[in-house]
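Number of protein chains: 2
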Amino acid sequence: MTDTLARFVARTQWADVPADVRHEAKRALVNYFAVALAGAHDPTIDKAVKVYGGFAAREEATLVGRCERNDMLNAAALNAMSANVFDFDDTHLPTIIHPGAPVAAPLFALAQTIALSGEALLLAFVLGVEAACRIGNAVSPEHYQRGWHITSTCGVFGAAAAAARAIALNARETAWALGNASAQTGGLVETLGTMSKSIGVGNAARNGLLAALLAQEGFSGPLAPLEGERGFLRCAAARPDFDAITEGLGRDWALRANTYKPYPCGVVLNPVIDACLALHGASPKANLDAVETIELRGHPLLRERTDRPDVQSGRASQVSAQHAVAVALARGRAGLAEFSDAAVAEPALRAIGRRLRFIDEPAWSVESAEVTLVLRSGERISQYVQAARGSLAAPLDDAALEAKLRELAGGHGAFGGTRDGARIDVEALLSQLWALDSAPDAAAVMQLARAA
Amino acid sequence: MTDTLARFVARTQWADVPADVRHEAKRALVNYFAVALAGAHDPTIDKAVKVYGGFAAREEATLVGRCERNDMLNAAALNAMSANVFDFDDTHLPTIIHPGAPVAAPLFALAQTIALSGEALLLAFVLGVEAACRIGNAVSPEHYQRGWHITSTCGVFGAAAAAARAIALNARETAWALGNASAQTGGLVETLGTMSKSIGVGNAARNGLLAALLAQEGFSGPLAPLEGERGFLRCAAARPDFDAITEGLGRDWALRANTYKPYPCGVVLNPVIDACLALHGASPKANLDAVETIELRGHPLLRERTDRPDVQSGRASQVSAQHAVAVALARGRAGLAEFSDAAVAEPALRAIGRRLRFIDEPAWSVESAEVTLVLRSGERISQYVQAARGSLAAPLDDAALEAKLRELAGGHGAFGGTRDGARIDVEALLSQLWALDSAPDAAAVMQLARAA
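Chains Z and H, in that order, are what the protein sequence lines are. Oh and the first sequence: position 327 is 327 in my numbering, straight run, nothing missing. Oh and the second sequence: position 66 is 66 in my numbering, straight run, nothing missing.
Simulated from the structure, these hints should not be mistaken for laboratory data. Hints should not be assumed to be uniformly reliable.
Pairs count within a copy or across copies, as identical chains cannot be separated in the list.
[Claimed, not checked] Computed cross-link-like contacts, SDA-like style, restricted to lysine to any residue with a CA-CA straight-line distance of at most 20 Å:
(1) Lys50 - Ser220
(2) Lys47 - Val267
(3) Lys47 - Ser220
(4) Lys47 - Arg22
(5) Lys26 - Ser117
(6) Lys26 - Asp289
(7) Lys47 - Asn170
(8) Lys50 - Glu292
(9) Lys26 - Leu396
(10) Lys47 - Ala57
(11) Lys47 - Arg69
(12) Lys50 - Ile114
(13) Lys50 - Gln216
(14) Lys47 - Glu217
(15) Lys26 - Ser377
Let's have the full structure, built from the sequences with the hints guiding it.
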């Protein structure tokens with residue numbers, strides 16, 4: 001099984017990848033750079049850059065959105081951390097893996113140290129995402145429920161597979177890289193919401209790359225790191241789905257189930273925000289003072305996860321329905337600035353949030369919600385959303401992903417932290433990413449992603 | 001619970017550590033340097049040194065038994081790998097954790113970059129071993145049985161606790177260090193016997209140190225990385241023993257259950273080798289040709305783990321009763337040279353091994369065995385061993401540990417690999433280690449442990 005996966009990673013050609021999957025890879029990279037630029041100056045990243053900066057062997061690789069550089073292992077870690085720190089990155093729906101951060105970060109760091117074409121990087125990215133998500137499928141949902149942070153634990157396999165392909169390891173060496181990765185799977189759900197989480201995601205990127213570099217030197221691993229009696233799959237889940245590793249390999253592609261968040265919030269809030277933005281758009285000058293109650297209908301999970309009326313920080317506001325509803329109704333926007341410490345501190349928004357009433361609708365999908373403004377006059381204005389933006393049924397289109405990158409590269413420091421005057425040429429970056437498959441040198445992208 | 005452990009690590013003084021535990025710490029370090037010197041030129045380490053050497057930020061720290069240097073993070077990893085690569089290191093019996101490698105390696109690397117007295121290093125070592133083994137106790141035996149390599153998964157907590165204490169973190173920062181470690185627990189039993197295993201052990205040392213350095217910068221972690229709903233203990237075992245973390249803290253010490261191997265073999269072979277060495281000693285010139293059959297009585301586990309008549313390599317011979325019996329009877333020795341590729345290739349030893357017959361004694365302890373030489377004359381010569389050397393009932397004494405270091409520092413390259421002319425002043429190293437608690441600078445030891 002490991003063998004089959006390793007052969008697939010070592011031998012699949014760009015011509016074997018369907019056009020829609022090729023394009024999805026570019027979309028995932030647009031999203032990756034958007035969220036990495038957004039996260040690059042969070043205090044978590046500032047502190048990590050300082051410590052990792054003390055262990056830079058060379059300044060060979062760019063830190064996205066920053067002026068510092070580091071060696072490729074540390075850059076892989078730090079860029080993956082930046083891309084994931086706000087949980088605003090991509091989501092492979094069947095597993096809740098965020099594959100972009102751990103897989104893209106090592107590839108672009110590697111591209112700054114070896115000759116790697118855009119096509120070769122994209123192919124390695126597709127295959128790395130495939131490896132991470134297939135392994136994730138095999139151990140889901142038990143693995144995450146048990147407390148393992150699946151983006152980290154499976155991400156390291158994706159990083160190893162991607163790096164193995166990028167440095168042209170053969171099938172046997174690729175299997176060793178997967179074995180070397182298997183010794184490095186870690187990351188706990190308990191760390192979510194704390195800085196510690198970022199180490200797990202950074203390690204996935206860094207250690208996957210290291211796993212491939214070691215395999216290149218003949219540093220060999222077990223024959224069956226995945227399916228073995230004490231291998232990853234049985235360790236990670238009581239009843240792993242072994243078939244998920246190889247079934248439909250080369251026909252079913254994980255990137256087709258990858259989604260991108262429109263808002264920097266818990267994903268259950270997506271339809272709520274959609275509805276509020278529509279209500280704002282319908283009557284942007286509506287006097288919210290006239291609203292007596294805001295009814296929010298949705299799956300009970302929405303209430304359980306987001307009934308948080310008194311959040312104190314921008315970070316906490318990302319999972320507060322009260323804040324999300326208030327800010328989206330009042331501003332007609334739901335970007336980083338709307339989930340900042342400054343936004344949370346606005347008394348007017350708090351007052352609106354206090355009028356929220358949850359109504360459970362157990363039969364509804366979590367991708368649906370309805371927001372109803374109940375005015376003092378008795379009038380009711382409702383907006384129902386069946387499939388939230390960013391879901392597979394209503395994916396962000398290319399223009400929306402471009403807009404996300406434009407906003408997040410804007411340098412407004414909405415989530416706190418310090419910006420060091422990053423000036424990103426967003427349009428050039430977007431052009432390079434959409435044309436990456438014809439770029440002779442993938443590293444050129446990193447020149448555009450650094451802080452000038 | 002994490003809090004209690006963190007306070008214990010941050011606040012315990014050397015005066016609080018009983019004399020026998022203090023001495024056991026020194027014994028563990030003598031064993032650590034013995035096995036690190038032995039492993040330093042295994043091909044696994046050669047390859048890792050090459051790859052990690054490409055990512056050295058500075059040459060600030062010694063690689064034990066080698067002439068290369070590296071930065072403290074990489075040196076911590078590489079030295080832990082060297083100490084564990086042959087599985088000849090110490091064993092905490094209740095958990096089968098090998099605590100010396102992941103806990104000592106980061107401390108000595110750190111000592112080469114900051115001012116750290118011998119007493120401070122010893123105290124940090126005692127506390128790090130305590131943290132690793134207590135966490136291991138809480139998840140044993142299920143955790144290892146499920147397939148997690150407990151030396152790696154729990155070792156990272158020990159390394160973090162030890163490093164946190166060595167850099168004088170307060171209790172809150174120490175808890176963050178444990179949280180940062182919790183995001184980095186990994187290592188699979190499936191990788192044992194392959195090079196990949198060493199990455200897990202190296203990561204435990206390196207990442208535990210990194211966890212503490214990050215905490216020092218205010219890189220904060222979850223409140224309950226151990227006991228939390230999605231924390232390490234529940235992730236690692238279905239029914240963790242929460243009490244094991246704090247019960248008897250400061251009264252019961254993990255180092256008291258730490259043991260040291262007399263032979264570079266699977267631990268179940270210890271009583272067998274004891275018996276064979278005694279038989280050889282009784283009649284060293286006995287003609288083994290006169291032996292028709294060799295009966296080996298022991299717990300069935302002995303047969304299940306070591307009935308391997310046709311091993312092809314020195315590494316494999318470490319778990320072969322046929323080889324162990326033959327070489328110990330023939331040579332009266334059971335050191336690294338006796339479990340080398342060269343020894344395995346000797347036809348005379350194979351011929352002796354083929355005469356072995358296992359006899360199960362289900363009621364016996366695994367620390368017991370009996371070897372009976374059945375001569376062609378019909379005469380039977382038996383040797384029974386009740387408690388093998390190296391067990392808690394018959395621990396290696398200080399002189400035996402010294403002898404182990406003398407032999408392993410000898411540079412005979414018995415397990416293959418290349419020696420770079422290491423000349424270790426073993427007697428000076430031993431003197432320094434036994435007097436470590438009065439050394440003003442713990443790093444002086446590392447000057448003696450490097451290859452001249």
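Q | Numbers of the earlier hints that this structure fails to satisfy, in rising order | A | 2, 4, 6, 8, 15
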